[in-house]
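S.K.: The primary structure of each chain is shown beneath.
2 protein chains.
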Amino acid sequence: MGVDIGGTKVAAGLVDHEGEIREQRRTPMVANQDAAAGLAAVVSAIDSLLQHAPGAKSSIGGIGICAPGPLDPYTGLVINPPNLPCWRGFPLAAEISRIYRVPVKVDNDANAAALAEVRWGAGRGYSKVFYATIGTGIGTGIVFDGAIYHGRTGAAGEGGHMSIDYRGPRCGCGKPGCIEVLASGPAIARRARARLSESGGASLLRDLAGGEINAVTTEMVGRAYAAGDALATQVLEEIVELLTVWLSNIVDLLEPDIMIVGGGVAKMLSGFFARIRNRLPQVCVNPRPQEIPLVLARYEAEAGIAGGAALCWNN
Amino acid sequence: MGVDIGGTKVAAGLVDHEGEIREQRRTPMVANQDAAAGLAAVVSAIDSLLQHAPGAKSSIGGIGICAPGPLDPYTGLVINPPNLPCWRGFPLAAEISRIYRVPVKVDNDANAAALAEVRWGAGRGYSKVFYATIGTGIGTGIVFDGAIYHGRTGAAGEGGHMSIDYRGPRCGCGKPGCIEVLASGPAIARRARARLSESGGASLLRDLAGGEINAVTTEMVGRAYAAGDALATQVLEEIVELLTVWLSNIVDLLEPDIMIVGGGVAKMLSGFFARIRNRLPQVCVNPRPQEIPLVLARYEAEAGIAGGAALCWNN
Numbered sequence: 001m002g003v004d005i006g007g008t009k010v011a012a013g014l015v016d017h018e019g020e021i022r023e024q025r026r027t028p029m030v031a032n033q034d035a036a037a038g039l040a041a042v043v044s045a046i047d048s049l050l051q052h053a054p055g056a057k058s059s060i061g062g063i064g065i066c067a068p069g070p071l072d073p074y075t076g077l078v079i080n081p082p083n084l085p086c087w088r089g090f091p092l093a094a095e096i097s098r099i100y101r102v103p104v105k106v107d108n109d110a111n112a113a114a115l116a117e118v119r120w121g122a123g124r125g126y127s128k129v130f131y132a133t134i135g136t137g138i139g140t141g142i143v144f145d146g147a148i149y150h151g152r153t154g155a156a157g158e159g160g161h162m163s164i165d166y167r168g169p170r171c172g173c174g175k176p177g178c179i180e181v182l183a184s185g186p187a188i189a190r191r192a193r194a195r196l197s198e199s200g201g202a203s204l205l206r207d208l209a210g211g212e213i214n215a216v217t218t219e220m221v222g223r224a225y226a227a228g229d230a231l232a233t234q235v236l237e238e239i240v241e242l243l244t245v246w247l248s249n250i251v252d253l254l255e256p257d258i259m260i261v262g263g264g265v266a267k268m269l270s271g272f273f274a275r276i277r278n279r280l281p282q283v284c285v286n287p288r289p290q291e292i293p294l295v296l297a298r299y300e301a302e303a304g305i306a307g308g309a310a311l312c313w314n315n
Numbered sequence: 316m317g318v319d320i321g322g323t324k325v326a327a328g329l330v331d332h333e334g335e336i337r338e339q340r341r342t343p344m345v346a347n348q349d350a351a352a353g354l355a356a357v358v359s360a361i362d363s364l365l366q367h368a369p370g371a372k373s374s375i376g377g378i379g380i381c382a383p384g385p386l387d388p389y390t391g392l393v394i395n396p397p398n399l400p401c402w403r404g405f406p407l408a409a410e411i412s413r414i415y416r417v418p419v420k421v422d423n424d425a426n427a428a429a430l431a432e433v434r435w436g437a438g439r440g441y442s443k444v445f446y447a448t449i450g451t452g453i454g455t456g457i458v459f460d461g462a463i464y465h466g467r468t469g470a471a472g473e474g475g476h477m478s479i480d481y482r483g484p485r486c487g488c489g490k491p492g493c494i495e496v497l498a499s500g501p502a503i504a505r506r507a508r509a510r511l512s513e514s515g516g517a518s519l520l521r522d523l524a525g526g527e528i529n530a531v532t533t534e535m536v537g538r539a540y541a542a543g544d545a546l547a548t549q550v551l552e553e554i555v556e557l558l559t560v561w562l563s564n565i566v567d568l569l570e571p572d573i574m575i576v577g578g579g580v581a582k583m584l585s586g587f588f589a590r591i592r593n594r595l596p597q598v599c600v601n602p603r604p605q606e607i608p609l610v611l612a613r614y615e616a617e618a619g620i621a622g623g624a625a626l627c628w629n630n
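Order-wise, the sequence lines are chains U and L. One point on numbering: in my numbering, the residue at position 41 of the first sequence is 41, and numbering is uninterrupted. Positions in the second sequence are counted from 1; adding 315 to them yields my numbering.
Treat the hints loosely; a few may be bogus.
To be verified - If you want the footprint, here are the derived chain U segments under chain L, 3+ residues with CB under 8 Å:
id, segment
1, 155–168
2, 278–285
What the hints assert, rightly or not - Sample of chain U residues facing chain L (criterion: CB under 10 Å; computed from the structure):
id, residue
3, F144
4, H150
5, G151
6, C173
7, K175
8, P176
9, G177
10, N249
11, I258
Unchecked claim - Which chain U residues face chain L? A few, computed with CB under 10 Å, are given here:
id, residue
12, G69
13, P70
14, K128
15, I142
16, Y149
17, R152
18, C171
19, G174
20, E241
21, V245
22, W246
23, S248
24, R288
25, P289
It is worth saying that the hints were derived from the structure and are not from the lab. Bear in mind that the values here come from a model prediction, so they are computed numbers and not experimental data. Glycine included, each C-beta is placed from N, C-alpha and C at the ideal position.
Can you build the whole structure from these sequences, using the hints too?
M.R.: Structural data, given as structure tokens:
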């Protein structure tokens, strides 16, 4: 079973040995009350799933949980996530394991999603895998030889907080010019609004937003680009150049066997993947970066459920 | 035995099981003639060392060679280093092994030096080690569980070519704003010259350079800083801030157990190491980056010899 805990919802799903999600339930998360209420919300999601799938309870090999960080994947302790104020130093894995009497693993969503891609998705058969999910933020995960690379305390793999602009806008993490601040979904919308303000010219984007520049969303940029709008295309080309420099840093440091990109923004950008690969040789010291596959993730909205389940299959 | 091949010299040394360099010889490299002449220069260095250390020949367990990249550490093939035009697709490990009838390993200098630090130096006892050497360039090496992390084809660990400034000056690798272009030895001298030109005021640096701004060297900046010169201090503080952002990227992606810095510029900057560690929490998403030791390397000019030998001890 994979469980994906966010600030407002819990998704729980049953995942088979091919990585197919057989059943799933989404229920509200109670993040801003006490620890017990938060736990009860997760238990409610799991129970709802189990009630809906008779016989599942006996066939579950483990429960893997994606939760917002910081957390300790080695012990399953949730430390103090800004999005889950109910839990500070909360032994989530131990509590869930006590209730359901199965092994429980906890990890952050990008690490878990990376593992799901290696186990069941685009990363199958690769030994050094870099995964990124681009959406509201940019999360990343590194998988070496089938295991998540966790670093010293479990906090490694935060590639979204690598800066490519030391003089750039400051991220919530404190660093200037993190790729998350420059190229995540909200950054795309911000950049589109700025370009619209500057240009004053016609753009489908202006129409989609009903003439209200501030109403422009990331999704509108994607629609305008798909329809061939010049301004939206320019915005995405700028974002792609930033992502190229960022990925070139990853290639020169880690030279992975494959790079996998998921998340809400990934599909919008997938038409640029070939361009990114072709440009990498110009901005890498690596002699053959264009040989590294750059591909879309298998999992989209269900990456958290699949990721959670992958944490269990791994053990 | 460790052998360090550069564009102009070959250094060969005998290294004992404590990492002490017992004997060493430096001879000229012949880099711009044919492959055989290049090989003969390396053989000459090895023979000179062996002649000077009677009995050594029988006690050598292997020969480890540091050479400029790109090269293939898996096969010991030198691909096409700009500094060694004599060798293109040259099977260096096989040739040396044929002559001396011992195992031979070839790797790039920063990778090998990183391994020497883990085996005998500042990295002993650590499982996830990030090493950087700051000099004419910035080279880096990653060692996980006592083994160099090589990546897909052996070209990983080029952290000196990670950009922190996508709008910055272009590096030889093609990427804008690599840390090597911004913070290596030559970058320090360049920055000092620029600050001197701007300020027009008094500075010990001006005196050291005999009034010739263009004569300012990295080493002079170090001397002026050691003597308390304000302008030299400012220049190094700017460099240190760049290195801090770069190291914060490494911490957020890899969260190593220790970061080791060597090379000609490292000592000059070592007085800033505590400041860098104290600043990391402000620019990392990692919750406890200040706990990661940031230390000087054991090996200085002899890093290549020790590194070469470490390649052999590893096997």
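S.K.: Next, verify each hint and record whether it holds.
M.R.: Status of each hint after checking the structure:
1. Note: the segment 155–168 of chain U has 12 residues with beta-carbon separation from chain L under 8 Å; the three-residue rule is met and the coverage holds.
2. Residues of the segment 278–285 of chain U lying with their CB closer than 8 Å to a CB of chain L number 5, which satisfies the three-residue condition for coverage.
3. The interface hint given for U:F144 holds, since its Cβ lies 8 Å from the closest Cβ of chain L, which is under the 10 Å cut-off.
4. For U:H150, the suggested interface contact is upheld, since its CB lies about 8 Å from the closest CB of chain L, less than 10 Å.
5. Contact between U:G151 and chain L, as hinted, is supported at the beta carbon level, the nearest pair being about 3 Å apart and thus within 10 Å.
6. The beta carbon of U:C173 comes within 4 Å of a beta carbon in chain L, closer than 10 Å, and the hint placing it at the interface holds.
7. Taken as an interface hint, U:K175 checks out: its beta carbon lies about 4 Å from the nearest beta carbon of chain L, inside 10 Å.
8. Interface restraint check for U:P176: the shortest CB-CB distance to chain L comes to about 7 Å, inside 10 Å, so the restraint holds.
9. With a least beta-carbon distance of about 8 Å to chain L, the hint placing U:G177 at the interface is held under the 10 Å criterion.
10. Because the smallest distance between the Cβ of U:N249 and any Cβ of chain L comes to about 4 Å, under 10 Å, the interface hint for this residue holds.
11. Because the beta carbon of U:I258 sits about 9 Å from the nearest beta carbon in chain L, less than 10 Å, this interface hint is met.
12. Taking 10 Å as the C-beta cut-off, the interface hint given for U:G69 holds, the closest approach to chain L being about 8 Å.
13. Checking U:P70 against chain L by beta carbon gives a least distance of about 5 Å; that is within 10 Å, so the hint holds.
14. The criterion of a C-beta within 10 Å of any C-beta in chain L is met by U:K128, whose closest approach is roughly 6 Å, and the hint holds.
15. The closest approach between the C-beta of U:I142 and any C-beta of chain L is roughly 8 Å, which is under the 10 Å cut-off, so the hint is satisfied.
16. Nearest Cβ of chain L to the Cβ of U:Y149: about 8 Å, under the 10 Å cut. The hint holds.
17. With 10 Å as the threshold, the beta carbon of U:R152 comes within range of chain L, its nearest partner Cβ sitting at about 5 Å, so the hint holds.
18. Interface hint at U:C171: satisfied, since its Cβ lies 8 Å from the closest Cβ of chain L, which is below the 10 Å cut-off.
19. The restraint placing U:G174 at the interface with chain L holds, with a minimum CB-CB distance near 5 Å, inside the 10 Å limit.
20. Interface hint at U:E241: satisfied, since its Cβ lies 8 Å from the closest Cβ of chain L, which is below the 10 Å cut-off.
21. For U:V245, the suggested interface contact is upheld, since its CB lies about 5 Å from the closest CB of chain L, less than 10 Å.
22. Checking U:W246 against chain L by beta carbon gives a least distance of about 8 Å; that is within 10 Å, so the hint holds.
23. At its closest, the beta carbon of U:S248 sits 6 Å from a beta carbon of chain L; the interface hint therefore holds under the 10 Å criterion.
24. Because the smallest distance between the Cβ of U:R288 and any Cβ of chain L comes to about 7 Å, under 10 Å, the interface hint for this residue holds.
25. Hint status for U:P289 relative to chain L: holds, with the closest Cβ pair at about 9 Å, below 10 Å.
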